[in-house]
Amino acid sequence: ELKVEQNPLFLSMQEGKNYTIYCNYSTTSDRLYWYRQDPGKSLESLFVLLSNGAVKQEGRLMASLDTKARLSTLHITAAVHDLSATYFCAVGAQGTALIFGKGTTLSVSS
Amino acid sequence: DAGITQSPRHKVTETGTPVTLRCHQTENHRYMYWYRQDPGHGLRLIHYSYGVKDTDKGEVSDGYSVSRSKTEDFLLTLESATSSQTSVYFCAVSQGVNTEAFFGQGTRLTVV
Numbered sequence: 107e108l109k110v111e112q113n114p115l116f117l118s119m120q121e122g123k124n125y126t127i128y129c130n131y132s133t134t135s136d137r138l139y140w141y142r143q144d145p146g147k148s149l150e151s152l153f154v155l156l157s158n159g160a161v162k163q164e165g166r167l168m169a170s171l172d173t174k175a176r177l178s179t180l181h182i183t184a185a186v187h188d189l190s191a192t193y194f195c196a197v198g199a200q201g202t203a204l205i206f207g208k209g210t211t212l213s214v215s216s
Numbered sequence: 516d517a518g519i520t521q522s523p524r525h526k527v528t529e530t531g532t533p534v535t536l537r538c539h540q541t542e543n544h545r546y547m548y549w550y551r552q553d554p555g556h557g558l559r560l561i562h563y564s565y566g567v568k569d570t571d572k573g574e575v576s577d578g579y580s581v582s583r584s585k586t587e588d589f590l591l592t593l594e595s596a597t598s599s600q601t602s603v604y605f606c607a608v609s610q611g612v613n614t615e616a617f618f619g620q621g622t623r624l625t626v627v
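Here the protein sequences line up with chains A and B, keeping their order. All letters in the first sequence, in the order written, are residues 107 to 216 by our numbering. All letters in the second sequence, in the order written, are residues 516 to 627 by our numbering.
Hints are not guaranteed to be accurate.
To be verified - Computed cross-link-like contacts, DSS-like style, restricted to lysine-lysine with a CA-CA straight-line distance of at most 25 angstroms:
| no. | chain 1 | residue 1 | chain 2 | residue 2 |
| --- | --- | --- | --- | --- |
| 1 | A | 208 | A | 174 |
| 2 | A | 109 | B | 526 |
| 3 | A | 208 | B | 572 |
| 4 | A | 208 | A | 162 |
| 5 | B | 526 | A | 147 |
| 6 | B | 526 | B | 572 |
| 7 | B | 568 | B | 585 |
| 8 | A | 162 | A | 123 |
| 9 | A | 208 | A | 109 |
Since the hints were made in silico from the structure, they are not lab data. This one's a predicted model, so the numbers in the text were calculated from it and none came from an experiment.
Generate coordinates for the entire structure from the input sequences, incorporating the hints supplied.
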């Protein structure tokens, strides 16, 4: 059974500093997705990572995938208030629907 | 925008009553999913469909049934709602079973 773990679950960030969110999963997969959710809203796709070593960047966010370690990281560079949201990773294994982590809620303060 | 519409967006219902949530898509995605979102649990898969009349269970399927009689519609039914089914329900669609999924706006269901 595929399990997906994110940590930390809550992250209080200071503006201008760098942080990393981790997403570990339990079975072989080369498909990992990151989503963002603002309070009371739906999930918005951020990154699609489809192979070992994949790296994607958008603004202050960079996501990477290490399929051998079964680990993805979401790195935040110089946090700003606009990044306050909940971030989910989701893993797609062979023949299964996407399984989501519990989410990491980021709060950025000045 | 993946053309996904959920209805209703909000519903309050009484324990023991049946409830049906609807998901409608306009872009012919093969796969459709129902997830529920609860604090501390993230998103959990209830059921999904891989074609008309083809469905499978997810990790939290007890107390729920689904139907897909047309490509564009995926219905989630709570046969006899319980307070533990108070949640936000999201419909999602994708082209493949583990490809990028696109989400509807969600339905907030309260069972009193």
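How the hints compare with the structure:
1. A:208 / A:174: Holds - the C-alpha atoms of residue 174 of chain A and residue 208 of chain A are around 22 angstroms apart, at most 25 angstroms.
2. A:109 / B:526: Cα-Cα ~31 angstroms, so violated.
3. A:208 / B:572: 20 angstroms, holds
4. A:208 / A:162: 22 angstroms, holds
5. B:526 / A:147: 17 angstroms, holds
6. B:526 / B:572: 24 angstroms, holds
7. B:568 / B:585: 8 angstroms, holds
8. A:162 / A:123: 20 angstroms, holds
9. A:208 / A:109: The given pair, whose Cα atoms are some 10 angstroms apart, holds under the 25 angstroms limit.
Violated hints amount to a single one, hint 2; each of the other numbered hints is respected by the structure.
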